[in-house]
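Protein chains in written order, with this note's numbering: chain C, 1 to 332; chain Y, 1001 to 1245; chain F, 2001 to 2295.
The reader is advised that the hints may include incorrect statements.
To be verified - Derived SDA-like pairs (lysine to any residue); straight-line CA-CA distance at most 20 angstroms:
#1 F/Lys2177 x F/Ile2164
#2 C/Lys117 x Y/Lys1071
#3 Y/Lys1157 x C/Lys117
#4 Y/Lys1088 x F/Ala2102
#5 C/Lys117 x F/Pro2098
#6 Y/Lys1077 x C/Asn202
#7 Y/Lys1088 x F/Pro2098
#8 C/Lys117 x Y/Pro1054
#9 Y/Lys1088 x F/Ala2097
#10 Y/Lys1077 x C/Glu194
#11 C/Lys117 x F/Gln2290
#12 C/Lys117 x F/Ala2101
#13 C/Lys117 x F/Ile2164
#14 Y/Lys1088 x F/Ser2099
#15 C/Lys117 x F/Leu2285
#16 Y/Lys1077 x C/Lys117
#17 Y/Lys1157 x Y/Gly1204
#18 Y/Lys1200 x Y/Ile1233
What the hints assert, rightly or not - Distance windows between CB atoms, simulated:
#19 C/Gly241 x F/Glu2003: 42 to 48 angstroms
#20 C/Ile267 x F/Pro2270: 40 to 46 angstroms
#21 C/Gly304 x F/Asn2134: 51 to 57 angstroms
#22 Y/Gln1065 x F/Ile2283: 33 to 39 angstroms
#23 C/Phe20 x F/Pro2270: 53 to 59 angstroms
#24 F/Gly2231 x C/Ile11: 38 to 44 angstroms
Claimed, not checked - Here are some chain Y residues the structure puts well away from chain C; computed CB gaps all over 12 angstroms:
#25 Gly1015
#26 Leu1016
#27 Gly1058
#28 Glu1059
#29 Arg1061
#30 Asn1068
#31 Val1101
#32 Lys1107
#33 Ser1130
#34 Leu1142
#35 Val1143
#36 Asn1144
#37 Val1175
#38 Lys1200
#39 Ala1219
Read the hints as simulated data drawn from the structure, not as lab findings. Note that beta-carbon positions come from the ideal geometry of N, C-alpha and C, so glycine has one too.
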Amino acid sequence: MDIATFISRFIPRKLWVPGFLLVLLIVLATLPSYAGSNRILFLSATTLMYIALAVSWAMFSGTTGYMSLAVAAFFGIGIYTTAILRPLVPLGVVFTAAGIVSFLIALLVGLVTLRLKGIYFAIFTFGLVVLIGQLAVYYDIHVLGVKGHPVAPTTYPIMYYCMLGLAVATVLVVYLIRRSRLGLALLSIGGNEEAAAHMGVNTTMVKVLSFAISAIFMGIAGAIFGARQSFIDPGATFSVGYSFSPVLMAVFGGMGQLYGPVIGAAIFSLLDYWLSGRFPNYYALIFGVILVLVILYMPGGLVGLMPKLRNGLGGVIAKLRKGNGAGQHANT
Amino acid sequence: MRILEGRDVTKYFGGLAAVSHVDFHVDQGEILGLIGPNGAGKTTLFNLISAALPLGSGEIRFKGQKLNGLKPHQICKMGIARTFQQTKVFADMPVLQNVLVGAFFGKTRRVSGADAAKEASQALELVGLSAMSATPTRDLTLVNQKRTELARALATKPELLLLDELMAGLNPTEVSEAMELVKEIRDRGVTIFMVEHVMKAIMGISGRIVVLHHGEKIAEGTCSEISCNKQVIDIYLGEEAHAGG
Amino acid sequence: MIEALPGVLINGCLVGGVLALIALALNIQYGVGRVFNIAHGEFIMLGAFITYTVYVGYGAVAGGIDPLISLAISGPLLFIVGFVLYRTLFTSLRTRAPSPAAFEGNSLLAAFGLIFVIQNVAILIWTGRTRAYNWEYDFPVPFAGTVFRFSQIIAFALAIVIGIVFYIFVNRTRLGKAIRAAAQDPATAGLMGININMVLALCFGFGALLAGIAGSLLSMYSSISEVMGLGYAIGAIIVMVLGGLGSIPGSFIGGFIIGIIGSIVTYVEPALVVPAYYALFLILLLVRPQGLLGK
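Assemble the whole structure, with the sequences as input and the hints as a guide.
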């Protein structure tokens, strides 16, 4: 008898994934009590942040094939929202505002560009971070008359819990979307947009809506991140690097499954933390090379390698998935 | 009743008229064939009807309603579905999921998951793919991919079905099966407008035939009229043709 | 302010000439190779730094090679970089991609990754400080109430010359015709005996060469830094959209228009140049996405 059958005697197969997730959630929720050093909290919060960014990026770009290079723009909008509003309103309002502003801007960008061929969308989003960054700097200097914003940073535990909540919410929302009509529509657009349109899918609205929804999470992630800063300078806030990392994480992890970007984010977040301490000049270069190599040789990401892993681990993973797969349409 | 009517339909690409002042109509319940040499404008005409391309000039009416300016998804919801000359299946999805897209989005009203699943399996059964519903579509043979595309179109519950070279690439047995299938679909109340090169097929099941050449309609009539039409025969000399019923 | 107008316009033309060259290079890579090389700015940056290195000297390299002569170094070096990149990375992507849309998406992401690779290699080599130099033959040129620099005029003149030479090359030579055939219909061109992979790689390399030359020219009158590429890439993108994606004459006209607009906005409020570009971008996408001369 193999491991899978053995365990299934005590816990029914259907409960394996939900059970695992519940345990994971409890472990994460109680983290500050048993591993509450600031360093660990910051690292964990950053990992959760990248999970939210990678998952929300993959939700739109991974399914439709429309490459958004604008994660940093919405992330920066979130940070800047914190800079402006934090002194005035409680955190909850700041985060909500960041989500709304990101949603509206993404809506505008989407309405203009997603009616057209995918390349227009990509190149428009490419420069978006520079555009919004320059606008923010201009606003600071000429309208507000300030050079950056000092902010009272929140505590590490608060930042951690907010990021945890965001990551959980992002994964949950994207999970629900994947199983919904919207998710099916997104996949159909990625499969063949013209055919999808001819089968009744309002492709433009689906794209615009999904893109805008994905921006919400990026904006809130930025807002939470900004809440931990003591000084926010829009010149440094809008950095292309924040567009790069989530893309690397999602592509490496694999966009065919929801947990692909999660794994990618976890791996690279830790790798980033470890490498930036020891090889500060080389790790960004390494990450860039990894992205190129992954696109070349591993386009399905880690998730795409699963079938090979399946054989290698003696069928355990296959059994896990088969037991959980009844009744779903197979691509989730 | 004329379910589809086109008047003076014209489309230019640059200086070239792909479709030139074509009048046509499709009667409800018939199978109308559209033939013509390569480049005659047949697929372009389909693209104009389904709004894959914007109409140059003229008008197309479906059940009396003008189609000008509508988008493909709106035309689908009105009741026109189509297949494509080069199959456009959703390759990474299993067959069932392909058909579900049609079932969910092809109608104006909101469809429940259960209803969509039911309609999808019915469509798959009709085309004979029930056994393969979980297979990834990219692993299918060409004929089965065409069946998937057909089932997907049927799942939108169309009143008019545009078939673009359904038989292309099929062997003679598959062609006969396809012919029976098309007749069965018509017998269930769907009007058929089909482009075809395989003469045996189109002559065998069409009621009427429209012939395009260089974007213009040069003949229209029953199969026997068309197969005796000197102009049509001249055009097809040199083409691989199996004219005559 | 009206007195400044002629100076601003001329400055815009000077800048526009080089912008046109940059956009031309990007258009070759996209129109023929179907790769939208958003890492284009990094090739410009490399050209600028190569010229700086051989003129001013850096590390093991003694200086002294005039910037205009360094074009003969930066051009071919960047050509090799572009050619090799296309033959290895993008050709692989093209053959492995399940569809043209997938190739476009993948090559976009790969180019995005390249930005970070090239930028960080440059930072490793040149330590990430903004640099500038004074060309020994440079001198101020007062005209129409503004003072230009001779280097700007030289850069402009060279950009125009290169553009004309390229135009003749594409329209009159056999290789040029092969390139146009490959751009229009790669499959058929391949059947007619044209080595598609070689032609596409040559074009991509040639686009990189032009970018490198543009960077070298820029370095003669602008300061340079390892992160300068992004701004030029964005400018080139907007020039391309204005002129029409894939249209080479379009990118020339677009380059001048954008150069002039940029010059005017810089005169009024330099901090709003990119927002002005994006406002134009937005309007274009709403009103005429195919640009001036696009299909």
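Verification of the hints:
Taking the CA atoms of F/Lys2177 and F/Ile2164, the gap is about 16 angstroms. The hint holds against a cut of 20 angstroms. Proximity of C/Lys117 to Y/Lys1071 is assessed by CA-CA distance (about 16 angstroms); at most 20 angstroms being required, the pair is judged to hold. Of the pairs offered as hints, the one joining Y/Lys1157 and C/Lys117 is violated, with about 29 angstroms between alpha carbons and a cut-off of 20 angstroms exceeded. Proposed proximity of Y/Lys1088 and F/Ala2102 is supported: the alpha carbons are some 15 angstroms apart, at most 20 angstroms.
Pair hint C/Lys117 plus F/Pro2098 holds up; C-alpha atoms about 18 angstroms apart against a cutoff of 20 angstroms. Between Y/Lys1077 and C/Asn202 the CA atoms are separated by roughly 10 angstroms; this keeps the pair inside 20 angstroms, and the hint holds. At roughly 13 angstroms between alpha-carbon atoms, Y/Lys1088 and F/Pro2098 fall within 20 angstroms of each other, so this suggested pair holds. The straight-line distance between the Cα atoms of C/Lys117 and Y/Pro1054 is roughly 16 angstroms, inside the 20 angstroms bound, and the hint therefore holds.
Distance restraint check for Y/Lys1088 and F/Ala2097: the Cα-Cα separation of roughly 17 angstroms lies within the 20 angstroms cut-off, and the hinted pair is therefore satisfied. Of the pairs offered as hints, the one joining Y/Lys1077 and C/Glu194 holds, with about 15 angstroms between alpha carbons and a cut-off of 20 angstroms not exceeded. Taken as a hint, the C/Lys117 and F/Gln2290 pair is honoured in the structure, with Cα atoms around 11 angstroms apart against an allowance of 20 angstroms. Restraint check: the Cα-Cα separation between C/Lys117 and F/Ala2101 comes to about 10 angstroms, which is no more than 20 angstroms; the hinted pair holds.
With a C-alpha separation of about 31 angstroms, the suggested pair C/Lys117 and F/Ile2164 falls outside the 20 angstroms cut-off, and the hint is violated. Restraint check for Y/Lys1088 and F/Ser2099: the C-alpha separation of about 12 angstroms stays at or below 20 angstroms, so the hint holds. Taking the CA atoms of C/Lys117 and F/Leu2285, the gap is about 11 angstroms. The hint holds against a cut of 20 angstroms. In summary, the hint linking Y/Lys1077 to C/Lys117 is not supported, as the alpha carbons are separated by about 24 angstroms, beyond the 20 angstroms threshold.
For the hint linking Y/Lys1157 to Y/Gly1204, the alpha-carbon distance of about 25 angstroms lies beyond 20 angstroms, and the restraint is violated. A C-alpha spacing of about 15 angstroms is found between Y/Lys1200 and Y/Ile1233, which places the hinted pair at or below 20 angstroms, so the restraint holds. Evaluation of the 42 to 48 angstroms hint for C/Gly241 and F/Glu2003 yields a pass: the beta carbon distance comes to about 44 angstroms. Between C/Ile267 and F/Pro2270 the Cβ separation comes to about 42 angstroms, which falls inside the hinted range of 40 to 46 angstroms.
Evaluation of the 51 to 57 angstroms hint for C/Gly304 and F/Asn2134 yields a pass: the beta carbon distance comes to about 54 angstroms. Between Y/Gln1065 and F/Ile2283 the beta carbon distance is about 34 angstroms. The supplied range of 33 to 39 angstroms therefore holds. In this structure the hint that C/Phe20 and F/Pro2270 lie 53 to 59 angstroms apart at CB holds, the actual value being about 55 angstroms. The supplied range of 38 to 44 angstroms is broken by F/Gly2231 and C/Ile11, whose beta-carbon atoms lie about 57 angstroms from each other.
Distance to chain C confirms Y/Gly1015 as a non-interface residue, since its nearest Cβ pair spans about 24 angstroms, more than 12 angstroms. Every C-beta of chain C lies more than 12 angstroms from that of Y/Leu1016, the closest at about 22 angstroms, which supports listing it as non-interface. Every CB of chain C is more than 12 angstroms from the CB of Y/Gly1058 (nearest about 21 angstroms), matching its label as outside the interface. No Cβ of chain C approaches the Cβ of Y/Glu1059 within 12 angstroms, the least distance being about 21 angstroms, so the stated non-interface status holds.
At roughly 19 angstroms from the closest C-beta of chain C, the C-beta of Y/Arg1061 stays outside 12 angstroms, upholding its exclusion from the interface. At roughly 17 angstroms from the closest C-beta of chain C, the C-beta of Y/Asn1068 stays outside 12 angstroms, upholding its exclusion from the interface. The Cβ of Y/Val1101 sits about 5 angstroms from the closest Cβ of chain C, inside the 12 angstroms cut-off, so the non-interface label is violated. The non-interface label for Y/Lys1107 is inconsistent with chain C: the shortest C-beta to C-beta separation is roughly 7 angstroms, within 12 angstroms.
No Cβ of chain C approaches the Cβ of Y/Ser1130 within 12 angstroms, the least distance being about 16 angstroms, so the stated non-interface status holds. Distance to chain C confirms Y/Leu1142 as a non-interface residue, since its nearest Cβ pair spans about 16 angstroms, more than 12 angstroms. The claim that Y/Val1143 is not at the interface with chain C holds, since no C-beta of that chain comes within 12 angstroms of its own (minimum 18 angstroms). Every CB of chain C lies more than 12 angstroms from the CB of Y/Asn1144, the least distance being 16 angstroms, so the non-interface label holds.
Residue-level check passed: Y/Val1175 sits 24 angstroms from the nearest beta carbon of chain C, beyond 12 angstroms. Listed as a non-interface residue, Y/Lys1200 keeps its Cβ farther than 12 angstroms from every Cβ of chain C; the least gap is roughly 28 angstroms. No Cβ of chain C comes within 12 angstroms of the Cβ of Y/Ala1219; the nearest lies about 29 angstroms off, and the non-interface call holds.
In terms of the numbered hints stated before, the structure departs from hints 3, 13, 16, 17, 24, 31, 32, listed from lowest to highest.
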